[in-house]
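Using the hints, put the two chains back together into the complex; each one sits in its own frame.
Spelled out, the chains give:
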Amino acid sequence: MERSWVLFATPLRGLRRSILWWCIGIAALIAVTVAVWPAFRGSSGISEAIDQLPAGVIQALGLQDFGTPAGFLRGNLYELFVPLLLACATVAFVNGQTAGEEANGRLELFLAQPVSRAALFLGRALAAAVALALTVATVLVVQVAANRAFGLTIEMSRLLTTIALCGLLAALHGALAYAVAGARARPPLVLAVGIGVAVLGYVIAALFPLSDVLEPWQSVSPWEWAFGGDPLVNGAEAWRYLALLLPTIGLVLLGTILVTRRDVAAAA
Amino acid sequence: MGEQVVVVEGLTKRYGPVEGVRDLDFEVRPGEVLGFLGPNGAGKSTTIRCLLGLLRPSAGRIRAFGMDVTDHGVDIRRRIAYVPGELRLPERMTGHELVRAVGAMRGGFDASRRDELADRLRAELRRPLRDLSTGNRRKIALLLAFAAHADLLVLDEPTSGLDPLMQHEFLGLVREAVAGGATVLLSSHVLSEIQRASDRVIVLGSGRIVATGTVDELRSRARQRIEIWFEQQPPVQALAAVPGLEDCAVDGNRFSATLAGPIQPLLQMLAGQQVASMLVEEPDLEEAFLGLYGEAA
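Chains as they are written, first to last, in the numbering used here: chain G, 1 to 268; chain E, 1001 to 1297.
Think of the hints as simulated: they come from the structure by calculation, not from any bench. Check before you lean on any hint, since a few could be wrong.
Label pairs and their calculated CB-CB ranges [what the hints assert, rightly or not]:
#, chain 1, residue 1, chain 2, residue 2, range
1, E, 1172, G, 267, 22 to 30 Å
2, E, 1061, G, 188, 46 to 54 Å
3, G, 119, E, 1003, 25 to 33 Å
4, E, 1096, G, 267, 19 to 27 Å
5, G, 234, E, 1096, 47 to 55 Å
6, G, 1, E, 1096, 15 to 23 Å
7, E, 1097, G, 220, 38 to 46 Å
8, E, 1061, G, 241, 43 to 51 Å
9, G, 267, E, 1128, 18 to 26 Å
10, G, 1, E, 1030, 30 to 38 Å
11, E, 1122, G, 81, 46 to 54 Å
12, G, 28, E, 1131, 29 to 37 Å
13, E, 1003, G, 267, 27 to 35 Å
Here are some, though not all, of the chain G residues that point toward chain E, as calculated from beta-carbon distances under 10 Å [to be verified]:
#, residue
14, 2
15, 16
16, 107
17, 115
18, 120
19, 130
20, 263
21, 264
Ideal Cβ placement from N, Cα and C applies to all residues, glycine included.
The following block holds chain E by itself, in its conformation from the complex (with noise of 0.2 Å):
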């Protein structure tokens, strides 16, 4: 494993009296696609503006490639593509005017690698960007980073507005460019999103990192709304008594929880019992992070 591609110490960006991120440290590895997981407001973007130089911390420092980003900005832009999350682009130009401009500030792209990834991702080049819906042009910020041949991706809420087909395509070109040795940082509020392609995750809140691990690792923490119909009343005593289950609720035959850690306690607990059907939902992001919130706090 040679140098970490990013290294973030004691990251803090204060916006006047507001705390946008605080004494962040984390790295991104070489060849690893990273997952940025947090709700809005949780810091995600602040950091990759952070990293991109677009703002300047308030504390602590960041460093590319081993190059520190206040003084060496240009030299890691040119080895990082970016696509912004709240992407603006410039209304009167066409797409294929964009795509020139942005690879003229690259020293331009190769042009059959420019046409393979217009015509995969079905890029609308020949309008006006400001005619274009938000998902074709997304589409265009994407063609133009994996046009850039970067040593590291940086995608802030990348599929917003791609339909299922375009989002798989996507996954796809990540997969290639991490196979052609790129390193990615994929930052979303969407749990399947990040859980599809990354290796690894950190989930953000409130502007501090509330949790880090491998997506099975942080979805086995994460809390589970569950609800069971018995046959008769249910039997609040011996499930109250099971390990992780809290906020419980009956109603009628119907009891609901939540559930934090391993189910098999209450499997267990449920097999000597009539139970009518049983309702396990996927764990839901928010709810996920006020479990890790709790943790943290």
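Next up, chain G with everything else stripped away, as it sits in the complex (with noise of 0.2 Å):
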């Protein structure tokens, strides 16, 4: 028992500081984006200036129903920063404790011990996990907090539905990072496959609704099965966390059975 935890234990310890940083920095963004909620619900102005944009591109930014509560936050968090800095963390999590330690040298001692290289990793990928937890549970005291604090009112079963979405997401991404990582000891490579595959499912969430030719590729966007019932406003069907979950567990699965399947990289 001892022996499991120390291998997840171990990890966690070593993001303390990284979850911390992380943690400050979304909260900011959230805290100082809510407080300039009450400037428009206050005014129609801002609205009526969105309005005059082509319908293509409103759809795009997310900007849609813009002073409602709703639109407000999907528009300046929920339709791209949040998530992506979300799956951003949790990709500097796995990197860090895995292709990161291991390419540094640092799990060689560790990996010499009795314990299989496959729960070592699975450990570090645990670990990561609980991480991403504690970002997201910040994420979420912080944004019903700044909520009560200006004044915006949004049902509290849309918004944990998107934040639990916003999760699975970030989950997704930090799984594939795994998967890399478990092919490869290369920290550069593990961080560009990771959150470049985040940033092009936004691209394609965001950009191919706009062309005709393009738009039934939306779909194959992690993005749009998460965001694409715009869970603010209208909850999210079963499927799309499922849609999440599985391949979650399929390249957590895959990353674990690459690794015992390779050297494990001497010190640079």
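Next up, the structure:
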């Protein structure tokens, strides 16, 4: 029991500082954004200005109903910034505790102990998952507190749904980073694939609907699976959670299998 | 003599087109201290990392305690303690935290043994590992290895960065471990370290075994650098006839050469000469290897 615990607790401990900074950054973004809400609520000028834009652009940037609480949160935070930052944080958590540590030679001493490589890496995946959960919890707490403070009223279940989907989307990209780290102990590659796929997914979900030819392809983007139903307004169907969760589990298994089938990198 | 502790058969490890080690065959016998000697890049760490299951052999196999390394890595590592040559420790942890973590992975260290080792090695356990010097980190790695009560200690360059006092303490720990029934695989590029601790030596060069034997056997085969100052011109012809003298050079009354093999014939020849002074250098490891490479080629 203690053996399993230490495989999880050691990397989580290594993530403490990283978790703290990501939480502070995302919390500050949320607080500052919501602080602007009272100005929007009072004036219809900005909403009218947005209405002048072409419908496709409004859709692409998530600016529809910008004057409503749900529209405001979607356009400013949950269309792009919060999910992207959570995905980047998770990719960074995973990379730091797998490829990063391995490439520095810091896993060698642990891997020479009587623990399996799969268990050691799974412990690290779990630590990154808990780090993500803590960051998501911070997002929720700060969002609720900021809403109260600045008088932004939104249905709690819709907010929970949206933040949960953000967390699952981030977990999917973290799992992708983990699979890459399982294949190769190359931190720049892990970061590039994890964050690159997140950005690409956003671009596909946001811009493909502008083109009749590309529009059908927007469904390849995990962002579309997560937010295609406008969860802040409508909530989300069960399949959206599963569409994010199942590939996440699959990628973690893949990464774990791959890492047991290759050499451990020597200290650079 | 029971079963061999480690049996390596035809071990080859390729990194892409580069061969780390090629077709190695050797065994580690119970209760011995086997020295693994060779310059950097000779394949010592590659072999050790294959033994620990960190690298997958390209060909051949390694058995430890009668089990195949590829299939029984965890069971084998339960009986092995390892000090990595390229020692990188988690930076933010303190020594205490690392000892606790590794102890947990091994099912717990005996607290009194841990404290005794910390005391003998003067290990700094309270400070974060990133604040420690190379030598002080090495002490913590040694503490972890000797606290494990392992059947096989695999020590890769274990004394690099240690002061002479600690090197002495280290040798004591090795002797105690062997007296307690452990077997030791000691890898180093420093001949004197191997010489003091090992029963038997395997010399690696360019990924192949170039020599095996006791330290004394290897020393007798190593080349020594000789310098002789004569009272008059050196007797070049007589010197050239001495077996084993090579690379002879004369500079005024000074004669220099390398000697491979016993020194007796040279001393006999010099007995009838007017020798002012003579210098025989300890066999330098590099030169020893050059000699052994010559034999292997």
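Hints, verified against the model:
Distance hint check for residue 1172 of chain E and residue 267 of chain G: the Cβ-Cβ separation is about 29 Å, which falls inside the suggested range of 22 to 30 Å. For the pair residue 1061 of chain E and residue 188 of chain G, the beta carbons lie near 35 Å from each other, so the given range of 46 to 54 Å is not met. A hinted range of 25 to 33 Å holds for the C-beta pair residue 119 of chain G and residue 1003 of chain E, which are about 29 Å apart. Checked against the hint of 19 to 27 Å, the C-beta distance between residue 1096 of chain E and residue 267 of chain G comes to roughly 23 Å, which is consistent with it.
Remark: the range hint 47 to 55 Å for residue 234 of chain G to residue 1096 of chain E is upheld by a beta-carbon distance near 53 Å. Evaluation of the 15 to 23 Å hint for residue 1 of chain G and residue 1096 of chain E yields a pass: the beta carbon distance comes to about 21 Å. A beta carbon spacing of about 45 Å between residue 1097 of chain E and residue 220 of chain G agrees with the range 38 to 46 Å that was offered as a hint. The hinted window of 43 to 51 Å between residue 1061 of chain E and residue 241 of chain G holds, with their beta carbons roughly 47 Å apart.
For the pair residue 267 of chain G and residue 1128 of chain E, the supplied restraint of 18 to 26 Å holds, since their beta-carbon distance comes to about 19 Å. Range check, residue 1 of chain G to residue 1030 of chain E: about 33 Å between beta-carbon atoms, so the 30 to 38 Å window is met. Taking the beta carbon of each, residue 1122 of chain E and residue 81 of chain G are about 52 Å apart, inside 46 to 54 Å as hinted. With their beta carbons about 31 Å apart, residue 28 of chain G and residue 1131 of chain E fall inside the hinted range of 29 to 37 Å.
Residue 1003 of chain E and residue 267 of chain G have their C-beta atoms about 33 Å apart, which keeps the hinted 27 to 35 Å range intact. Using the Cβ-Cβ criterion of 10 Å, the hint placing residue 2 of chain G at the interface with chain E is satisfied: the shortest such distance is roughly 5 Å. Against a cut-off of 10 Å between C-beta atoms, the interface hint on residue 16 of chain G holds, since the closest Cβ of chain E lies about 8 Å away. Look at residue 107 of chain G: its Cβ gets to within about 9 Å of chain E, closer than 10 Å, so that hint holds up.
Taking 10 Å as the C-beta contact cut-off toward chain E, the hint placing residue 115 of chain G at the interface holds, the least distance being around 5 Å. Interface hint at residue 120 of chain G: satisfied, since its Cβ lies 9 Å from the closest Cβ of chain E, which is below the 10 Å cut-off. Proximity of residue 130 of chain G to chain E is violated relative to the hint, the smallest CB-CB distance being about 17 Å (cut-off 10 Å). Restraint check, residue 263 of chain G versus chain E: the minimum CB separation of about 5 Å is within 10 Å; hint holds.
Interface restraint check: residue 264 of chain G against chain E, minimum CB-CB distance 4 Å, threshold 10 Å, status holds.
Consistency note: the structure conflicts with the earlier hints numbered 2, 19.
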